[in-house]
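Q: Positions 1 to 567 (the working numbering) are the ones given, in order, by the first sequence.
The set of hints was computed from the structure by calculation and includes no laboratory data.
This list has only true hints and no planted wrong ones.
Computed list of lysine-lysine pairs in DSSO-like fashion (alpha-carbon distance at most 30 Å, straight line):
hint	residue 1	residue 2
1	K387	K261
2	K307	K88
3	K387	K88
4	K97	K34
What follows is a list of derived Cβ distance ranges for each label pair:
hint	residue 1	residue 2	range
5	A249	E87	49 to 55 Å
6	A36	V389	38 to 44 Å
7	D459	R513	18 to 24 Å
8	L252	D459	56 to 62 Å
We put the CB at the ideal spot given by N, CA and C, even for glycine.
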Amino acid sequence: MRLSQFHLATVKEVPADAEVASHRLMLRAGMLRKLAAGIYTWTPLGLRVLRKVETVVREEMNRAGAIEMLMPSIQPRELWEETQRWEKFGGQLLKLKDRREQEYCYGPTHEEVITDFARQELKSYKQLPINFYQIQTKFRDEIRPRFGVMRAREFMMKDAYSFHLTPESLAATYGVMYGAYGRIFDRLGLRFRAVQADTGAIGGNASHEFQVLAESGEDAIAWSDGSDYAANVELAEALAPRVERPEPAAELQRVDTPARKTMDEVSTFLSVSPDQCVKTILVRGEQGLVALCVRGDHEINEVKAAKLEELPGASVLADEAEILKATGTRPGFIGPVGLPDEIPVIVDRSAAALADFVCGGNAVDTHYTGANWNRDARITRIADLRKVVDGDPSPDGEGTLHIARGIEVGHVFQLGGRYAEAMNATVLDENGKARAMLMGCYGIGVSRIVAAAIEQNHDDRGIVWPEPMAPWTVAICVIGSRNGTQAQDAAQALYDELTGHGLEVLLDDRGLRPGPMFADMELIGIPHRIVVSERGLEAGTFEYRHRRDTENRALTRAELMERLLGA
RNA sequence: CGGGGUAUAGCUCAGCCUGGUAGAGCGUUGCGUUUGGGACGCAAAAGUCGGGGGUUCGAAUCCCUCUACCCCGACCA
Numbered sequence: 001m002r003l004s005q006f007h008l009a010t011v012k013e014v015p016a017d018a019e020v021a022s023h024r025l026m027l028r029a030g031m032l033r034k035l036a037a038g039i040y041t042w043t044p045l046g047l048r049v050l051r052k053v054e055t056v057v058r059e060e061m062n063r064a065g066a067i068e069m070l071m072p073s074i075q076p077r078e079l080w081e082e083t084q085r086w087e088k089f090g091g092q093l094l095k096l097k098d099r100r101e102q103e104y105c106y107g108p109t110h111e112e113v114i115t116d117f118a119r120q121e122l123k124s125y126k127q128l129p130i131n132f133y134q135i136q137t138k139f140r141d142e143i144r145p146r147f148g149v150m151r152a153r154e155f156m157m158k159d160a161y162s163f164h165l166t167p168e169s170l171a172a173t174y175g176v177m178y179g180a181y182g183r184i185f186d187r188l189g190l191r192f193r194a195v196q197a198d199t200g201a202i203g204g205n206a207s208h209e210f211q212v213l214a215e216s217g218e219d220a221i222a223w224s225d226g227s228d229y230a231a232n233v234e235l236a237e238a239l240a241p242r243v244e245r246p247e248p249a250a251e252l253q254r255v256d257t258p259a260r261k262t263m264d265e266v267s268t269f270l271s272v273s274p275d276q277c278v279k280t281i282l283v284r285g286e287q288g289l290v291a292l293c294v295r296g297d298h299e300i301n302e303v304k305a306a307k308l309e310e311l312p313g314a315s316v317l318a319d320e321a322e323i324l325k326a327t328g329t330r331p332g333f334i335g336p337v338g339l340p341d342e343i344p345v346i347v348d349r350s351a352a353a354l355a356d357f358v359c360g361g362n363a364v365d366t367h368y369t370g371a372n373w374n375r376d377a378r379i380t381r382i383a384d385l386r387k388v389v390d391g392d393p394s395p396d397g398e399g400t401l402h403i404a405r406g407i408e409v410g411h412v413f414q415l416g417g418r419y420a421e422a423m424n425a426t427v428l429d430e431n432g433k434a435r436a437m438l439m440g441c442y443g444i445g446v447s448r449i450v451a452a453a454i455e456q457n458h459d460d461r462g463i464v465w466p467e468p469m470a471p472w473t474v475a476i477c478v479i480g481s482r483n484g485t486q487a488q489d490a491a492q493a494l495y496d497e498l499t500g501h502g503l504e505v506l507l508d509d510r511g512l513r514p515g516p517m518f519a520d521m522e523l524i525g526i527p528h529r530i531v532v533s534e535r536g537l538e539a540g541t542f543e544y545r546h547r548r549d550t551e552n553r554a555l556t557r558a559e560l561m562e563r564l565l566g567a
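Using the sequences and the accompanying hints, generate a full structural model.
A: Spelled out as structure tokens, the structure:
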């Protein structure tokens, strides 16, 4: 590509509210233009990168035996009623009406559409297993879109759906997809981890997330330094402490703690370490209020809490009025001692191992000290309720957990029978009996990968693309082109030769001064840069510099070819 | 959904508190100089100050309202 014939749209300034590196750099490099909140135009430059990612994904999906297709982005309400997700999916579902008042949504995912397709197309177990995929624009009406395409509302996604007669077949395809995902992120040159994950709104059994490691990531992942265990913190199990609960040694005592509501305030005021305190929160589930207790230095894990049998369905934090009515106190002073009998008290494993602890006094401005389970406070049940923290033992018994941040770029699920059953998608088995199919689903955030790659690969001059994602592999910069055609001719010849070898080359023939030209090439992150100048030509060399280098090196044409084309 | 903020030239922003007829940098156009790390000079084009309403002799500026965008929170007591 001759740059004079392209639309390169780099800019010097970027809005003050572009916070993360990838967002700023994508705007500066002119890959993106914002159209509305969470909705972006991909410029010609941005699209080249997006296509690179798509290509790798497509090749690996095909290699793994998945079959590409394309489903509509607009989906009828009726289909979503069949799985009850028209209501359950929540505010992220963008709903639309046509001129006849028929209702639709813009697809945030395609389980319903593919299952509908499958129930019409697949009739026999002999057609199974089969795995369909598409690469397509999706829309989720995020509460707070941010960080550019990292958390956009409209985004590009690859989604695949497999169909099976048996759990063994599903597990086999799941394994194949898991392997394909690893290859995709390896090929793209990303540092990532596959972690055990919660299945969330989509539902199902086994599930892994593929997380690109980055400080700016919105997800927290727990990994063990003694094994290959890794899990989303939502899922990571917090083991019970190895020590037995000590015998009570202190008297239960009510103490005044005026206006000390938070754990920090209480522990400072009473000079007691937070790990000798119990904090209690009240949540309202479908069956009434439930008290959840964790140690003062721990936090409740909402995903784990939602799985408690005492809290079926949706639950929310109790409001002040409810708390006052049930306990006679306000938030900040709730404790397990003397709670009404009808409120179940679910205690985290670590909190349950405490003796002589501090907890809320169930009266405004008071706490208890010297409280003990059983003697002073009921335990309905002990459960794993808290988020794991750095330094916890690994759930597999090997090593210690650490917390890292990641950007979720892929997610694989074994969905099981849920959707096929709800939508009556069956095939006949060997005995001629109709059986609901089992499903797997496998997503990759194609546009998010572009942002994630930049988070991992940039410096103060701009983007440093992993080669497979770069918009071009080689940039040729011409210096002194106004003074004559010698350098221009040499650059053109070099361009022709490299292009002839199948390289994607960008020839900067804009005739700019060197400063702006180099700055642009570095900003947009082209891996290899060659400078063609009169000076070099006289010496019989070209000037070469890799994007990661800080020094130029003078190479002969042969040396240059060897470097770029391999031996 | 709650709270806060912003909206002024193509872009990034100042001006608003204290009302008096519109500014800067970058970019763009023309001419000249310059040509190895975001050059310089001269000249120029470019804004219904987000929309609507009000107060006032006079509104970018004060008030009301609508819209869009951004930030924080919305389960840690």
